[in-house]
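Peer 1: Listed below, chain by chain, are the residues.
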Amino acid sequence: MLAVTGKLAAASLALALIAASASTASAQKKYDTGATDTEIKIGNIMPYSGPASAYGVIGRTEAAYFKKINEEGGVNGRKINFISYDDGYSPPKTVEQARKLVESDEVLLIFNSLGTPPNSAIHKYMNSKKVPQLFVATGATKWNDPKNFPWTMGWQPNYQSETQIYAKWLLKNKPDAKIAVLYQNDDYGKDYLKGLKDGLGAKAASMIVIEESYETSEPTIDNHIVKLKSTGADVFMNITTPKFAAQAIKKNAEIGWKPLHFLNNVSASVGSVIRPAGFENAQDIISADYLKDVADPEWANDPGMKGFLEFMAKYFPEGDKLAHESIVGYGVAQTLVQVLKQCGDDLTRENVMKQAANLKDFRTEVLLPGIQINTSPTDFAPISQLRLERFKGEKWDLFGDVISADVGG
Amino acid sequence: MSAAEDVVTEAPAVEAVPKRAMTLGTGTSLLVLAALLIMPVFVKNFIIFQMTMLLIYGLAVLALNILTGGSGQFSLGQSAFYAVGAYTTAVLMEHFNVNYALTLPIAGVVCFAFGFLFGQPALRLSGVYLALATFALATAMPQLLKLNFLEHWTGGVQGLVVTKPDAPFGLPMSQDMWLYYFTLVVVIAIYIFSVNLLRSRSGRAFMAIRDNEIAASAMGVDVALYKTLAFGVSAAVTGVAGSLGAIAVQFVAPDSYTITLAISLFLGMVVGGVGWLPGSIVGAAFIIFVPNIAEGISKGLSGAVFGVLLFLVIYLVPHGARQVAILGQQFAGKLRKN
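Top line first, the protein sequences correspond to chains A and B. Taking my numbering as reference, the numbering of the first sequence is continuous, increasing by one, and the terminal residue is 409. Taking my numbering as reference, the numbering of the second sequence is continuous, increasing by one, and the terminal residue is 747.
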């Protein structure tokens, strides 16, 4: 008996020594469910089917990007196991899939789940389970709320910060503007409107002459445009989704209304909005962006853009490289890889959130020059900078400096 | 059958199911019940959650079965009743702090009224026309929930988050397990009620209307009353399912209750066997699990794979689970004889 204990003691001493020497070489390895020496399990939920299935491209781009990372050796030697499920943009299904990922597949975190209603459905669940709901793919402002929801973080600039930027610009350059607002009657439209009002502050009541809303079920918004024109406004704040944005640009030209036209980033796509509306009708429209546009010849020789195009050609050749969704998926996946790199060997959920809230001047090369990703324990809005751009000829021209606007949820 | 009658009454779209064939034998029922009671002890919380959803969708399919299998009326608008039930519970729980268990009967009553009222104009319609009218209801519902003047209560597009109840009396049970047993009790109670309803005088009236309206009215059945009553009962049961769904999912939003849900429920009824009440659970299992299987086979083509699987089921067993059960029974009977 004594001999056995002696042997055990020796063995454990030896083990302790090995462990000690290992820990001097690298920080001690710590894992939560979903991470091991060889693998990191990442969950994801996307609408691959249903009305919002166009966004499914984001998930497929991310899967392709993690494949690239794995072929290049993974993150700190660990392969990423990317498990992506379909929720068809239906919140109850999102709950089922999130629970499957967390409780059955046992992922380390859920990454870039898409849509405001689906993410709202799992918001409370993820936070009570203390599983990171990282870089959600929606621009709602409520994701930046570290105090009440410390396990949830957005990625893209939130809707409110964008209109705040327009408001700042207007106050500086056109303080006597008479603003006509057209917005979609849902959370997205209202978020934008709130940002505008907050940004204008006390002058909001006097500067905004009309707030007009439309429903997505309306076939055309022509009558709204006519009504806006009749108010004599000289600034048009166009908070509409692509189909309606194109209609608005066209109708403006038809009835000869030429206000200073602000178009929200949601509809700033040259391919799906400006070209159908006609380049001649879209001159001098102002918008804001944070990502490089693949179609823009300015980035033809840009190393970041070249890297993206090489990735698309090699790992996702069936994908549309001009699609906004592809470049978003690429950028957000790069941000996650950066977070995992920073985590080192401490792959606990707590450390994942800690590192996600500790991004300092990080850039993925598909962001516009000057825009950086910064987070802190009190700032859960990774991208809160945008650059203004004006439509000239057949492309957007950037103007002015990088503008920041941090808005909490 | 005279030519005149041919014109007046179309061939019944729903096959006449004798009322005895609508339920399971006692032995089988007890076996299923025992399995449902014991199962949660052995599985993970996630599976318990899925089983809860299975019961809830099963209840909603059952409600449709009472309407279509019982009284022969079609509805593609069940998602609207489901939504009303879910929102009733969510609003009562979150704005008025009503106990979750109390919200179920309230949701049932609200939906009964809603269904009964909807049944009034629906009386003038039959077959595909009725299906279309209910379809309109299902399409309109998500937009109605987004209306501005309701937003204060419904939370608009953002929806409402519902708090999940803990097990009462300090029972050593997870929230999921408690909710499962709670749901199970409600579902069994409603199942027994439905079986008895269909065996009662009212049930016979439903079936008489289903089989031949003119004959039913000649026998003294108040066709208008019983048709609307069937709508009311079906809506009430769907509403209770919606309430349970809201508590289980912990979230309600207009996007949860689109026409897709109504079609899923319809699909569940057909796969389970129209007019066969136990088939409702089989149908619910089909609409919950088969999309997951389809997704496992091919992510990009999950919809197409689901279509192929559905096609196979309809082609091989056109009467759904009921047919499988009957075949099984015959097979067992043969074995016994030998």
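If you are wondering where the hints come from, they were derived from the structure by calculation, not from laboratory data. One thing to keep in mind: the hints can contain errors.
Here are the simulated DSS-like pairs of lysine-lysine, each with C-alpha atoms no more than 25 Å apart in a straight line [stated by the list, open to error]:
no.: 1; chain 1: B; residue 1: K708; chain 2: A; residue 2: K79
no.: 2; chain 1: B; residue 1: K708; chain 2: A; residue 2: K314
no.: 3; chain 1: B; residue 1: K573; chain 2: A; residue 2: K147
no.: 4; chain 1: A; residue 1: K190; chain 2: A; residue 2: K243
no.: 5; chain 1: A; residue 1: K68; chain 2: B; residue 2: K453
no.: 6; chain 1: A; residue 1: K243; chain 2: A; residue 2: K41
no.: 7; chain 1: A; residue 1: K129; chain 2: B; residue 2: K573
no.: 8; chain 1: B; residue 1: K573; chain 2: A; residue 2: K321
no.: 9; chain 1: B; residue 1: K573; chain 2: A; residue 2: K130
no.: 10; chain 1: B; residue 1: K453; chain 2: A; residue 2: K142
no.: 11; chain 1: A; residue 1: K258; chain 2: A; residue 2: K321
no.: 12; chain 1: A; residue 1: K124; chain 2: B; residue 2: K743
no.: 13; chain 1: B; residue 1: K573; chain 2: A; residue 2: K67
no.: 14; chain 1: A; residue 1: K197; chain 2: B; residue 2: K453
no.: 15; chain 1: A; residue 1: K147; chain 2: A; residue 2: K178
no.: 16; chain 1: B; residue 1: K708; chain 2: A; residue 2: K130
no.: 17; chain 1: A; residue 1: K190; chain 2: A; residue 2: K147
no.: 18; chain 1: B; residue 1: K746; chain 2: A; residue 2: K41
no.: 19; chain 1: A; residue 1: K124; chain 2: B; residue 2: K746
no.: 20; chain 1: B; residue 1: K746; chain 2: A; residue 2: K100
no.: 21; chain 1: A; residue 1: K100; chain 2: B; residue 2: K743
no.: 22; chain 1: B; residue 1: K743; chain 2: A; residue 2: K41
Peer 1: Take the hints in turn and mark each one as holding or not.
Peer 2: Going down the list of hints, with the structure as the test:
1. B/K708 <-> A/K79: Satisfied, since the Cα-Cα distance of roughly 22 Å is no more than 25 Å.
2. B/K708 <-> A/K314: Between B/K708 and A/K314 the Cα gap is close to 21 Å, so the pair holds against 25 Å.
3. B/K573 <-> A/K147: Holds, at roughly 22 Å.
4. A/K190 <-> A/K243: Judged against 25 Å, a Cα distance of about 18 Å means the pair holds.
5. A/K68 <-> B/K453: Not OK: A/K68 and B/K453 at ~34 Å, beyond 25 Å, violated.
6. A/K243 <-> A/K41: Between A/K243 and A/K41 the Cα gap is close to 38 Å, so the pair fails against 25 Å, i.e. violated.
7. A/K129 <-> B/K573: 13 Å, holds
8. B/K573 <-> A/K321: Distance ~44 Å between B/K573 and A/K321 Cα, so the pair is violated.
9. B/K573 <-> A/K130: Holds: B/K573 and A/K130 sit about 17 Å apart, inside 25 Å.
10. B/K453 <-> A/K142: The given pair, whose Cα atoms are some 32 Å apart, is violated under the 25 Å limit.
11. A/K258 <-> A/K321: 34 Å, violated
12. A/K124 <-> B/K743: 55 Å, violated
13. B/K573 <-> A/K67: 38 Å, violated
14. A/K197 <-> B/K453: 48 Å, violated
15. A/K147 <-> A/K178: 38 Å, violated
16. B/K708 <-> A/K130: 28 Å, violated
17. A/K190 <-> A/K147: 23 Å, holds
18. B/K746 <-> A/K41: 55 Å, violated
19. A/K124 <-> B/K746: Violated, because 58 Å separates the two Cα atoms, which is more than 25 Å.
20. B/K746 <-> A/K100: Status violated; Cα separation ~46 Å.
21. A/K100 <-> B/K743: At roughly 42 Å apart (the allowed maximum being 25 Å), B/K743 and A/K100 break the hint.
22. B/K743 <-> A/K41: 52 Å, violated
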